[in-house]
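This is what each chain is made of:
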Amino acid sequence: MSAMDLAMRLGKEFGELISAPTEFRGEVTLWVADGERIAEVCAFAKGELKFDYLVDVTSIDNYGEDPRFVVVYHLQGLTHLRHLRLKVALGEEKGELPTVSGVWRTADWHEREIYDMMGIRFRGHPDLRRILMWDGYPYFPLRKDFPLAGKQTDLPEVAFTEPSPMMGGPFVTVAGGVDTIAREPRVRIPESDALEANARLERRRDLGRADEQHGNVRKG
Amino acid sequence: MSAPTTTEIEFKDSAGRVASAAMVDRAPRIEADEQEVSGEKMVLNMGPSHPATHGVLRIILELDGEIITKATPDVGYLHRGDEKIAENMTYTQFIPYTDRLDYLAPLANNVAYALAVEKLMGIDKALPPRCQYIRVICCELARISAHLLGLGAFAMDVGALTVFLHTFTEREKIYNLCESLTGARFTTSYTRIGGLMRDLPPGWVEQCRKFLDEVVVNFDESEKLLTRNRIFVDRTRDIGVITREQAIDFGLSGPNLRGSGVNHDVRKAEPYLVYDQLDFEVPIGSVGDCYDRYLVRMEEMRQSVRILRQCLDKLPGGPVNIPDGKTVLPEKKKVLTSMEELIHQFILVTQGVDAPPGEIYFGAENPKGELGFYINSKGGGTPHRLKIRAPSFVNLSILSALLPGHMMSDTVSILGSLDFVMGECDR
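Taken in sequence, the protein lines are chains X and L. Numbers given in this note's numbering equal positions in the first sequence, counted from 1, plus 401. Numbers given in this note's numbering equal positions in the second sequence, counted from 1, plus 93.
In silico BS3-like pairs for lysine-lysine, Cα to Cα no more than 25 angstroms straight-line:
1. L/K317 to L/K303
2. X/K488 to L/K177
3. X/K488 to X/K447
4. L/K471 to L/K177
5. X/K545 to L/K177
6. L/K407 to L/K303
7. L/K163 to L/K134
8. L/K361 to L/K218
9. L/K419 to L/K218
10. L/K266 to L/K317
11. L/K218 to L/K407
12. X/K451 to X/K413
13. X/K552 to L/K177
14. L/K361 to X/K451
15. X/K447 to L/K361
16. L/K177 to X/K495
17. L/K471 to X/K545
18. X/K545 to X/K495
19. L/K471 to X/K488
20. X/K447 to X/K413
21. L/K218 to L/K471
22. L/K419 to L/K471
23. X/K451 to X/K488
24. X/K488 to X/K413
Because the hints were derived from the structure by calculation, they are not lab data.
In isolation and in its complexed conformation, chain L is listed as follows:
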């Protein structure tokens, strides 16, 4: 008596249940339905105005159901022609434009650009130690700030809004530090060719130490919210896997390259400033998925704190500018009283620094990856050609190879984990 009943409930999966039900009474109708829906592809236009594209990235997605079959990124909505502008002004005048590249880490851009011009002029090794230490502090503060935003936005995109609020509380403190350091919260323009705009203000070191103690607590909190969060892990683990070979082939840099297990950090590979005198480690991922890129950024922030603490401890005294009137603007007091300084001031403002003819490439490890400047000079105060190697631009080029095969909703995780800035990508 019980035999028919058991066979009825023995179906393991829902598809089998539907199929058997169809066989019984309405098999022909289901077949007809399937023929109608199969083979249709839909084109979905994601962006340029979409919260998960973090700016103005547009991706044209071709979908088969919810699976992406083709992805065509479209960039350039924020193109301002920075490279053209650079050819038409002096080296110093271009510094404010570098704020607007990766606008989440303007301090790091300032430093990278100043170092590139200094390399061209052959004075990058002659910078006073205090200047070098302060520049490292700038770079690492910028890294923490950019990663905090990157992680917060990434977590928010995959559904964890709280993390965003946590990280933005800390970023606010970094902005306060920036404000007392440079006078601006956002567009810092802090470096000058051959030095800095000004020295650290009184009490800044203590403020910075206090911030570091607070931010470490915040890292722990954010990590508790994410690292073992079931939803976050499910949405990021094994999603958007970039293999080691792919990452190198596509020229990825920064945390995206290291997330794929490539141990390459410009700070270690070709140390600039005083990075070779500082003790820090470079985290690398093992799988290359979105989760690994998250872990790498999380650890990088802790390492940045470590670097910052060492810098604050070791911070030497002395001047912050190269003692050369032909490179750095003289003191205002002297300009008003001394002929020579007046002439220097006049020439520097009207003609700019005198760079030799030649060409250099300088790459710095910025939060998003390797920000490089290629300067081709024919001599004088203006570059003949200035090319910005923007890490976000290069990192985004992998999208058309990475997205196909993923679900539509994974796009959000992948974009969040790549952590790009369109201001830098489009220049």
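Extracted from the complex, chain X is given alone in its bound form:
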């Protein structure tokens, strides 16, 4: 059974929900009209059509178009070796899809990566945290409106560790100092330490505010 036949069977099962399959360079692509039912479609594809191997899940940002995001699922069956690509369009305001990590466990990390890079949330995901960027990072770097050069953000190490036992002592380097000279314990003067500590608190508050704006959940 060719990939096209399998796509047709999926179309027959779900009717209007599945678009007509298109083929490019021998790869079959289907659009799923309602993102809310993607898990159901995937479960059927895995169970009935033997697409037991999820190769990849990824996302595209079509900035300036509506709906803005597309989530792409690459399915493969290890017995029949056919590939199938499922695509779901997703508006920016909604920004949420049901997870398919219940169908294939490998989707867990792929979905975390999409959340991390593109800011799309997955409902029902067991552990939806950032994966490549650090917890509390305020932006979604693969969005098209994020500049290639990046944006200034706070370094994470101060915000996420408990103060070490000798912190502030005369032999301990201050984390998060402006440069190596400022971090060097022997040149520090107590007044500037206090200033720096205040600046750090300020940065931490900024981060908290950014989190609230973006709806991030910070660990701990």
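Got chain X sorted already, so can you dock chain L onto it with the hints?
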């Protein structure tokens, strides 16, 4: 008279001995001690800077004594935003970035990326035969190099330092071959869209044959050091067992998938280049433990040698690039003397190849597993979205399910047997 003495030495295990001794004189104190120590769990932070994590992987381990009860891998310390970078440059400009994915097999990454772009452009079947054979040679040399390092480091982690020295001697020869082939030992950037940077240098085929004869001896030596080595076997057999169903569910690929008994190799399943004309076998494991993954890699290297010998024998003549000025850079001599070639050169360098709108996924069997590129193009010389399906990233996602229940020291064996590269995992 002898009866009491025999009962005293009849205790079979040490625990029974302690218990009976406790019953005699100090039973209450031992009970109190046990109550104090039980129920305490410790969190151990392994990495990101730890020799056994082969780069910058961090695992947060929750331990009950020496038994792992929970493992949370933390990746991303080497994240460089390759996918973002790719969206902002031409297809050809991205080739050097692929060197830095799995930096132990840059040649194989180059080939996989070039094939993905060529598939998008619809020219992957039109590559000259010589180019295809040389690309297969690149892939298999990279596989041997990556597996040699993987095995050497794995063996070193579980205590067999000698193997590491043996395998690194051979890798040095591969680096020499890379150097004469591409001009660089490490960051090869050898392929181009529609061809190769250059043809094989004179005498390279003989050098490669000589290397193959030497490396086979080295495999035997390494195998003698490991396959029946009591310490190595004890530390790897029945450790880190991944069942067939688990391996598929977690999307593992490469030797890790085949170690669990799944007969899936992209080179056989969907042959690209000239793999369908070459004779080789795909080894698979039976149990899915660390030892099986070791055996699979060992055999894969021997099969790679077999493939390489066939390629060197069959290597056809002819050009290595597609004869199309709109895809491959023209000869420098012609650029300086002919108008048309000058224009081609100018357009290729400033705008890149002209890819059609569309989307493709291409997966290649790399040493670590299936390295896939998903390219979404809106036409022109730059991808709209380029997603790298990194095998190490996917392979590592099983850690949180695999590690619990093992001893702390087994982590080292398991990590070594999974053979990942963080450059690729974090991209």
